[in-house]
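Okay, here's what each chain looks like letter by letter:
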Amino acid sequence: AQTVTQSQPEMSVQEAETVTLSCTYDTSENNYYLFWYKQPPSRQMILVIRQEAYKQQNATENRFSVNFQKAAKSFSLKISDSQLGDTAMYFCAFMISNAGNNRKLIWGLGTSLAVNP
Amino acid sequence: GAVVSQHPSRVICKSGTSVKIECRSLDFQATTMFWYRQFPKQSLMLMATSNEGSKATYEQGVEKDKFLINHASLTLSTLTVTSAHPEDSSFYICSATGTPYEQYFGPGTRLTVT
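Chains A and B supply the protein sequences, listed in that same order. Here the working numbering is used: the first residue of the first sequence is 1, the next is one more, and so on. Here the working numbering is used: the first residue of the second sequence is 118, the next is one more, and so on.
Keep in mind the hints are simulated off the structure, nothing from the lab. All values reported here derive from a predicted model rather than from experimental measurement. Don't take every hint at face value.
In silico DSSO-like pairs for lysine-lysine, Cα to Cα no more than 27 Å straight-line [stated by the list, open to error]:
# : chain 1 : residue 1 : chain 2 : residue 2
1 : B       : K158      : A       : K78
2 : B       : K158      : A       : K73
3 : B       : K181      : B       : K131
Could you put the whole structure together from the sequences, leaning on the hints where they help?
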């Protein structure tokens, strides 16, 4: 069975600093996708970044980057130059890429990030 | 692009009544839609997967007769909570797949059963 583990229930960071959120997963599949989603207080789920497992290069989206270690099944998110608007719940999620219509996401429990002024 | 709407955004209903929540993909066709439930400060719990024109696939432990899902078109799926009880109060989120690997999420519906 596929599982996603986020070991940090809560984190805080000072504005403009860098923070790393951890995520590990377990699967026997070789082809899959990994995601980080952000859920701010509005509760709208927003995609932060996506990584295809077959790509060795770490994905980057502006201030957000990942450290994808496939052998270690690790997928951490680094937020650089943290901003107050980054305050949110962050969820790591996993999807098997060849599941046909059953492309459901497997979710971690989330990390609550507070960016302090 | 890739906007998903939900209606209503919040609803209050009396115990024993039914309530319908709509999920629409506004600018793309969604062959698959997902319905989630989320309790405060918790992760998303998948309730069911809905494919257009076929019966929904429910996750283990989700009562299909209580949570009726209809996916009648490529842009609309509905979740009906039948004979609602206070324990059904929750935040319900839908998502729709456009590309094979990406889900686009609606803004959620807060259901309160009194």
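Hints, one by one, checked against the model:
Simply put, K158/B and K78/A have alpha-carbon atoms about 22 Å apart, close enough for the 27 Å limit, and the pair holds. A C-alpha spacing of about 26 Å is found between K158/B and K73/A, which places the hinted pair at or below 27 Å, so the restraint holds. Restraint check for K181/B and K131/B: the C-alpha separation of about 21 Å stays at or below 27 Å, so the hint holds.
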